[in-house]
Amino acid sequence: MTAIPTNQVCFRTLGHDAPSSLATYESLGGYQVWRRILKEKTPPEEIVEVLKLSMLRGRGGAGFPTGLKWSFVPRTSPGQKYVVCNSDESEPGTFKDRDIMRYNPHQMIEGMAIAGYVMGATVGYNYMRGEFIEPFESCERALKDARESGLLGDNILGSGIDFDMHNHLGAGAYICGEETALLESLEGKKGMPRFKPPFPANYGLYGRPTNVNNTESYASVPIILEKGGQWFLDLGKPNNGGMKIFSVSGHVNKPGNYEVPLGTPFKDLLAMAGGVRDGNRLKAVIPGGSSVPVLPADIILKTDMDYDSLDKAGSMLGAGSVIVMDETTCMVKVLARIAHFYFEESCGQCTPCREGTGWLSRVIHRIEAGEGKLEYLDLLGDVSNKIMGRTICALGDAAAMPVISFIKHFREEFAYHIEHKKCLVENRS
Amino acid sequence: MINIEIDGKKLSVEPGEMIIEVADKAGIAIPRFCYHKKLSIAANCRMCLVEVENAPKPLPACATPVGEGMKVYTQSEKTIEAQKSVMEFLLINHPLDCPICDQGGECELQDVAMGYGEGVSRFTEGKRTVKDKDIGPLIATELTRCIHCTRCVRFGEEVAGIQELGAVQRGEHMKIATYIEGSVDSELSGNVIDLCPVGALTSKPFRFSARAWEMQQRPTIAPHDGVGSHLYLHVMGNQVKRVVPREAEAINETWIADRDRYSYESLHHADRVTKPLVKQEGVWKETDWSQALEVVAKQLNIIAKNDGADQIGCLASPSATLEEHYLLQKWLRALGCQNIDHRLRKTDFRVKEQAPQSAALPCEFTDVEYYDRFLLIGSYLRKDIPMLNHRVRKAVMLGAEVSVLNPVDYDFNFDVAHALISDVRLLSTQLAGILKALSANAPLFSTLPDYLRQVSPDPAQQAVADSLKAGEKVMLFLGSLALHHPEAGLLKALAEGIAKETSGELAFLHEGANAVGARLAGAMPHVGAAGSALPTPGLDAAAMTHAPRKAYVLHQIEPEWDCAYSAQTLQALEQAEFVVALNTFQSDTMLDYADVILPAAAFTETSGTYVNLAGHWQSFEGAVVPQGEARPAWKILRVLANLHDVEGFDYTASTEVRDELKQQVEESAAQSHEVAGQTDTSSLKSYSASRDNTQQGLVRLTETPLYRTDAFVRRSPALQQTTDNQRTGVRVSRQVAEQYKLDPAHPVTLQQGDYSVSLPWQVDEALPGNHVWTAGVAGLGAPFGAIELTQGKVS
Ligand SMILES: Cc1cc2nc3c(=O)[nH]c(=O)nc-3n(C[C@H](O)[C@H](O)[C@H](O)COP(=O)(O)O)c2cc1C
Ligand code: SF4
Ligand code: FES
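Sequence order for the protein chains is C and D. Counting in our numbering, the first sequence runs without a single skipped number right up to 429 at its last residue. Counting in our numbering, the second sequence runs without a single skipped number right up to 1224 at its last residue.
Watch out, some of these pointers could steer you wrong.
To be verified - Dumping the calculated DMTMM-like pairs for lysine to aspartate or glutamate here, alpha-carbon to alpha-carbon at most 20 angstroms:
#1 D:Lys486 with C:Asp397
#2 D:Lys556 with C:Glu371
#3 C:Lys189 with D:Glu587
#4 D:Lys556 with C:Glu344
#5 C:Lys196 with D:Glu482
#6 C:Lys190 with C:Glu148
#7 D:Lys513 with C:Glu344
#8 D:Lys513 with C:Asp382
#9 C:Lys373 with D:Asp453
#10 D:Lys513 with C:Asp397
#11 C:Lys196 with D:Glu480
#12 C:Lys190 with D:Glu586
#13 D:Lys507 with C:Asp382
#14 D:Lys466 with D:Asp453
Keep in mind that the hints were calculated from the coordinates and are not lab data.
Using the sequences and the hints, build the whole thing.
What follows is the structure in structure tokens.
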């Protein structure tokens, strides 16, 4: 195996002293792009073109091309516009944005400032989940330093361009990671997703045009503009530009964040994470966070870690949250835990999700408790299908997809559990 | 226009419309719970999912705009499957308590479940339950039945303008609740009952008293204010069981005020008079109609003969029907009596009203939404005429600016741009200041008394003037407080002056359901029906009190509550030789002053017409048979006139009465609406004489609370228990409380001339200094007159 390049995009400050400091960031070329834009007033279209070429795809989960998204905001329309960074990071298995904000907050700030410039927005908000005390402090420090160095504020470096931003801590609801619920929450309302269309690009924060991106998406922008769209695209593979941070958790020896090129084979990523613990056999992997379909070992071991390959394998890259499960794992228990999560986190406004997530969770828990019946398996699939695609936001899909995939790939294990009223897995962990 | 297809039916539709709107117009049914055409789109119930060609998933019809060439299938397998799934989800946590649910039989969920539900549930988990809240006397809650459509929440935010209900908690635990522990107090609150598709919010007074299918629905017109909302009475047997709105976009849209919804409760009040009553030597006797009517005819004849018909006075409710007003004046004028008035709470009659006017608003109610500047003069519009206030609120939502001039800082449900809160004695000064700011040389100034000519505008008045000046369409409202004010004539002239300078228009917010009709019918002392001239004018309502008559004819009024000079009117009645009261109710007071009580049918039991403020003649029929021996008042008046041998009283239906007047009105070329600048300004200088320029002493401030407007409302138990109705009694400003060192534990004694009352009191921070506010207090003198206050040592 050739050495896999790492940490060249969002984690480029890692390994340096005081990685989160302005000095370190600037010593590595940080804020160069921002200064250049301020000076040269680079045409925004040019910036968008570079991003389109780079094939940077949204790192928040849906993988929507960032360049394309930026082109949707009506840049020249009059009035206030906003850029918003989604650092809610609440999907079980995800912990990458936290480390970007802890170790390289300036790169995210620079990305947002550039976005503000491109969109004609003068105000930005970085919305963080309620528990992110440490990242919040790190971002606050970075903001203060950037402001003091004149990189943010009014008439930045005499350019006539204004941009400032604010960090905001949420109150700890998963649904506030959904971009329109996030905007509601930011407005001080209860975090409940809006019906779309209209999309935030036209009707966002306080009803104004707003661009929402994930932390990692914003943080990728400055270096793309510094080194070029082609450079970024070449880091990954066609249609899947760049490196991606994978948050590897579960039954591995070295859990953690790994920034590696998109297209890295799963088995290489697993090796970087120290392999499966105790020499156990790999059983299954959820490759993109708890909401994406699970893949059994035989499939994932043959799959590369990029948007298209995972899609083809029947799952999704999501936020790159790789949950590794070894042979000691009881799939019924895992699904029960996941189902409970979505039941708890449903915002409750739309019928299929509000009613369906509770139903799913209760039935799965009954199976887990040895009170299941075989017909429950069809019922679960049926209820999931009645939620999928029929809700206001994608939480409904997030709740349904794990159920469908767990039963599809591990039906026998569920059946065993029902028949024997106990786990197929001996000494389950 | 674009072309779409629903179920193969080709339709040409407006771009931007939602599929459900288009389908509704085309008569194609799509089930829904959260969608309501008057509320914002929530798209949360998902019941309206439909298959759309080329869409991978079914789309919510309520939130999906139509597009060129779109093909929608409302009956396809995919659509039915999606709708059935949603139905299944909705039912899993919905109690199956239809047999004991008030909504049973008229439940949208039940209806749709019949079409889309399965016979057997696959859901074997426990069902969610929600603890109920007491949200006040009008609405019963059974929140376990809630399906979270949020119609009630959106109604509060978007229509009532006060967010009292909200969805707290999330997911399956989400529930509808009052944010802050408390009742729902909006004057429009009952509409959530109609909006709620299930039995989670139902009518508390109606609860468990009838099933939807046992009742018949009969149309009528609301009898309490000048909007005349369209209603349906739900009748079982001969009883009105409840009242719901009847859609009328130009009048009340799909809403009604709580006052119109719950006043039916009074119909069965113990005070109902069900037999003619005659007092003989001080003892009340039930009698039959012919005897009672003969007594009335004879007594009035005797007085007319011996003392002159001028010794008869007639006071009629402004909420009596057009036909009643017309017949009253036709009958009494035939006897030679011109003393007829319905403007019972008015105190200043110096500037004569021009008549006839066919409307009190310069436009339709719907047009009000498109004015961009308002000045409310002496009005708590929100509580006085809720559905008209709703139109102003809509205008504000569209960007209109509202300024108010009031003695109390009322709580409006829209943003008030400029609030002039002023000593009630200085309202004319304030208006003069605004006028000065608009035009220092307005011609009106030359006709005004000195104290108004000399004002110089202060910044607040200037701000109001600037706001009005910047408007394109300006409307000035003279509210009930301005119309009843001792300087009402002056206020009106000033308002006209301001209207002139701003190219604005004037609206008169008269009290009662038929104030415009009463004017057209000639229920005023200075003009006859359709504005016809009179040989000599009679006495107005105040004069009939100040110069007591020998006989009175009272029509549907309770003078202690309905007349400006409460105590004095009672005195006048008591000294009179003969008083006949036509009324639906009796009271102890009435038994004291009256000699004959004629049981008049209630508003649900008679046919008639109300002319609303916008000038619509709204006729209705009796929905139920009068109780006991009560009779429609128009018939009673017909017989009385016959007994007096008055000609032209051969009507066989109330519509003949209406048509007779209508013809006169048409022939008289009635002015469409009182035009600004036509006020006779010759008397304005005389206002100096009555003006207290010191503003030293205490002044009484009064208003008619929302649920005390008429005898029906006053006898409706649920309305009487509302928070709004607690806004009665005595309140004083903080300044007064301190100045008089008032002890909150003891009542205060209020005195106006010979009249005094002792009552508990409260401080009201919204009152200006020197003001004593009394509402729903009987037994005092002039409504806005000087008042003395003492707090004696308590025994
Ligand atoms: C239930 C739910 C939760 C989500 N949580 C997050 C989150 O925590 N962080 C995030 O960046 N995106 C999250 N998203 C995705 C966002 O809605 C949105 O697509 C994303 O912020 C767009 O940024 P990107 O284009 O840079 O990925 C969530 C979506 C859903 C439906
Ligand atoms: S899918 Fe769930 S979380 Fe999303 S809007 Fe509907 S109820 Fe809320
Ligand atoms: S009616 Fe369309 S989602 Fe409720």
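Taking the hints in turn, this is what the structure says about them:
no.: 1; hint: D:Lys486 with C:Asp397; in the structure: 12 angstroms, holds
no.: 2; hint: D:Lys556 with C:Glu371; in the structure: 19 angstroms, holds
no.: 3; hint: C:Lys189 with D:Glu587; in the structure: 16 angstroms, holds
no.: 4; hint: D:Lys556 with C:Glu344; in the structure: 16 angstroms, holds
no.: 5; hint: C:Lys196 with D:Glu482; in the structure: 19 angstroms, holds
no.: 6; hint: C:Lys190 with C:Glu148; in the structure: 34 angstroms, violated
no.: 7; hint: D:Lys513 with C:Glu344; in the structure: 25 angstroms, violated
no.: 8; hint: D:Lys513 with C:Asp382; in the structure: 12 angstroms, holds
no.: 9; hint: C:Lys373 with D:Asp453; in the structure: 44 angstroms, violated
no.: 10; hint: D:Lys513 with C:Asp397; in the structure: 19 angstroms, holds
no.: 11; hint: C:Lys196 with D:Glu480; in the structure: 18 angstroms, holds
no.: 12; hint: C:Lys190 with D:Glu586; in the structure: 14 angstroms, holds
no.: 13; hint: D:Lys507 with C:Asp382; in the structure: 14 angstroms, holds
no.: 14; hint: D:Lys466 with D:Asp453; in the structure: 10 angstroms, holds
Of the numbered hints given earlier, the model fails hints 6, 7 and 9; all others are met.
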